[in-house]
Amino acid sequence: MNIEIDLITACIRKERKAQYELYKLVFRYLMSICIRYTHSYEDANEALNTGFLKILNNMEKYRADVPFKAWIRKIMVNVLIDEFRKQKREKENLIVAHEYAEHKPLVEINEAIAKMDAERIHRLIMELPPVSQKVFNLFVVDGFEHKEIATMLGISEGTSKWHLHNSREQLKEKLAKAM
Amino acid sequence: MNEEEKFDELLSSKLSERDFPFDEVNWDEAERLIIKQERLRKITRFALVFSAGIAAGVLIMLPFLINTNNALPIFVSSKSKANQNPITQSSISPTVNNDRVTTNNTINQKEEKLHEPIQSAVVIKETPTHIRVASSNIFPIAKTPNKNSSLSVASINKETHKLKGESNSIASVKEKPIYADTRNTKEAIAIEKATNESSAKPAINGITENAAPINSIVKTENNIPATTTAANKNNTENTVISSNISKVSTTNSTLPVTTITRPTKNSLSDSAVPKPQTNSSNNIPPPPLLPGTQPNYTNNDNPTSNILSVYAGGNYSFGWKDNGEKEGSGITPWAGFNFTHYFTNDISASLGVGYSELNHLNETYTSSMMQYDFGANATITTITPQVVYYIAFPLKLQYNLDSKNMFGVGLDYLLMLTTSSILTTGQQTSFGETTGTSEKQNGYTQGFSNSNIQLTLAYTRMLTGRFGISAEYYYDFDYVENNTVPGINQSAKNSGLRLVLSYQLMK
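If you read the sequences in order, they're chains H and F.
The letter at position 110 of the first sequence is residue 110 when you use my numbering, and the numbering goes up by one with no holes.
The letter at position 363 of the second sequence is residue 542 when you use my numbering, and the numbering goes up by one with no holes.
What the hints contain is simulated information worked out from the structure, not anything from laboratory work.
Treat the hints with caution; some may be incorrect.
[What the hints assert, rightly or not] Lysine-lysine pairs mimicking DSSO-like chemistry, simulated, CA-CA at most 27 Å apart:
1. H:K14 x H:K24
2. F:K672 x H:K14
3. H:K54 x H:K86
4. F:K505 x H:K61
5. H:K147 x H:K61
6. H:K17 x F:K619
7. F:K221 x F:K505
8. F:K215 x H:K14
9. F:K686 x H:K14
10. F:K500 x H:K17
In this text, all values refer to a predicted model and were calculated from it rather than measured experimentally.
With the rest of the complex left out, here is chain F:
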């Protein structure tokens, strides 16, 4: 060793002479850091699972959202088409199912145009309720009489007459009232009732009737002209058709059109549905409903009877205490598919298949093998399971408070797939020397229950038509760790909270 090396050696040995006694305060600081890091990891993991669930839901939902947005222009184009091509007899064809013909009109006796043909009719394709309601706002003309609109109708009717060979004989044209929008089954029954009670053919010429509050809806026949009604000059001053039907008879050359507006909600009760008020000598009964134009009166609010959903979320396991140490506590994923069947509007049941896991396990299984060769030599194998993987079959019975809020109670059957464990193998000699290796291995399922059943209580809220979120509490009926020592597994029951996002794939 030369002087240079000696110099280094001396300095090194001198530096290592210094002593730093252990201080509890240092450990407190270190422990604070460890706890902080553990919390951060939990939050990060939960955030990742939650974000993944949301991202998956959004990705799945995106194409459906785009399709939903495309639904509106169907109505708009239908309306604009109707405006561009005013209604004629032939245009009201029952061959187009579910089409509705609504005539918006207002009668103002001050106006001479009462004798003119009625205002324009608009063909509205069947659209969801909210869109139909909106349509009344789109056509304010129905509430405010408009000279121009009347004129335009006149031109429509002129056109119609041209098509009919300029026939002035209205009687030669079969008169049928135009069918207007219906809202529910009660209305339909009322219509049928009204239809059956009247058998006489409606008189047309010269009839002038007062606006009658009939609130009824009459159906059109194929290729039948709309009934034209006129308000009585003497009686119908300032009468506006709103929730009423008025029959206006054209004096000479216009085709009859029944003007109908949407009935108000209050007027739709069974008993409150009056018959169409007609001229005493010429009752104009509503015609019978025609086959092929039978409207669909099914309640759209009814939930779909079968639904296939995909769900993803996370569990926060409370864990259990094992020898004073917390075990099994942490955040785990929960994802899969669910099939829901509605027995009634209120009661539904669901069955699913999914994936779950349980982590943060502490239980260690140790085996040692002694060999005697120049002293005792022990081979110690320690298996520390860390994660247990399950396939889950959630079964749930749900009570639907309304279309958006549901309460559920159910059972989750968990079947263990495998575990992930750290396997540490070490050699210990009688001289205290320790060597060994540690590695991660799957498949050490010893000590765990093969299956488990959880009781779940859930609240589900539908965020959109297909996208829902549910919060659940679950409690294990069985022990997670299947220890054979009596009493030791008493506390190894898990419970926790679950947050799940679901998306209805098929209805």
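So that you can see chain H by itself, here it is in the shape it has in the complex:
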């Protein structure tokens, strides 16, 4: 994805053709993010369009010293988290103590992951509790720090760490079962 500065300038001028070109260029990348935070392709598509609109509206604020890809990812994730927070209400804040089953050694699990297809892994992640799933995505895939995640989700840093641990353990269990 190589975004030309002319394309950004044209988008600032609200040229529809440029907006279309930008949408085509960023679609795959943004969809790969959206699909991880939503339950279906339709939901992901809706979130993507909302995020894209926000990107266009904030295009004037874009500083070229920041990689464009990172900038749009930040906006997209913020949109997804905002949406999640709207839906979440109070039901997801409870931390349920969970007894993790003993699983196979991590080396074996990693070998199994390498052999699995992406779709199956995605489904396993989607089975995680919502907050844990979000923390896992934010930390492992999108590279956010616990401090940032805590702010985004409105939880404490410790809770974020717990959710990450919880999601890892649950994934290991599921992967071990799937092996």
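Start from chain H and add chain F according to the hints.
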């Protein structure tokens, strides 16, 4: 890398393997959202400008509205004062300019009180026409004879006589008719005419006249008692003074008072103004108008000759097409001050100074500078003007259909003040890497005409005495963008609609 990190890395890489091909349907949905948002922004902006205009107008107008509401009690207090303190000779003083004395009376021959003094007189301060008209409703006694009212007048006259030393000699008192309300200049001329034609002093004692349809208005002199008239017992039965003047002579001890009611509209034509009908032997001419009590006959309906107004509103620019793309289309503010001069009742001209702007511009100016250092390195600067700010001098010639509706044609001279542009500076290397910054800056006026002239066609409607709204169509005579390439600026002429609220600050 430990196994935990490897675990994260593997999951992350697996997830990124998934591919989501682009689908045009997705773009259609996104485009629909973009269009919807753009429309919403336009509506919001227009609503804000419109609301700001209305709010400004209301805020400016509010103190004046409050003052206008306070005008009514002046009349009420005047009336009540007159009722509380019945009229006497001394109370009708011409030193109070524009005061009018109207005597409301009805003569009914069946009543013996015809020989009694006439009904009460009421001093009415000069008030707007609508208030004066309303006064006739406030005093229905003028139309229906009332015994009590006659008695009260009798008491007034008794009081008057006491003041005069119980004099029964009416002849010793100068008789002058009381001046009543006049409505326009024609009436005044008629009065003057009638006054000049009669030179004889009015006879008083024993005169009984029939109610004569004279419709004339006679003026009082300073400290002169009102003429008293009486209806003839034989002839004036069931005569009600309505649009008539009747002279009633008191038999003995009452002071003469002329009873006058407001003339009807139909009776006010030049030719139809009859002289006061008087006794053949004792003509009672209306007295001449006195200096100092000259009523103001200026037509209040005439528009004020000079008006200073403040106006605020919005333009909806249609824009123009530039390389197939719409440019300059959108809502912009329009506000300022206006000075209007009325040459006649129908024709007026106005000159103003105000602020305007033009936005939604797409034209981009790019400059690039190449540097060769381990390959080509280009510095590209792109300037995208977004808003052009103008100071406007609107000149308009107006034709007033009536006091509320006006049509106007005019020219607006627009002088560019500055522009607001987005300046994007980027570096492009031969490896395709792009870095740069973009920021907002003012002052890049290159490529725009320094001035412009618009033809305007306007319709104005006055909502209240001072508050008006006008709808205008404007069309640029000159090009907005001053391109040097022949033919390219042919379409860069703007036009649009303008909705303006105005408030007259000073008349």
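Requested in this report: Check each numbered hint from earlier against the structure, then list the numbers of those it violates in ascending order.
Outcome: 9
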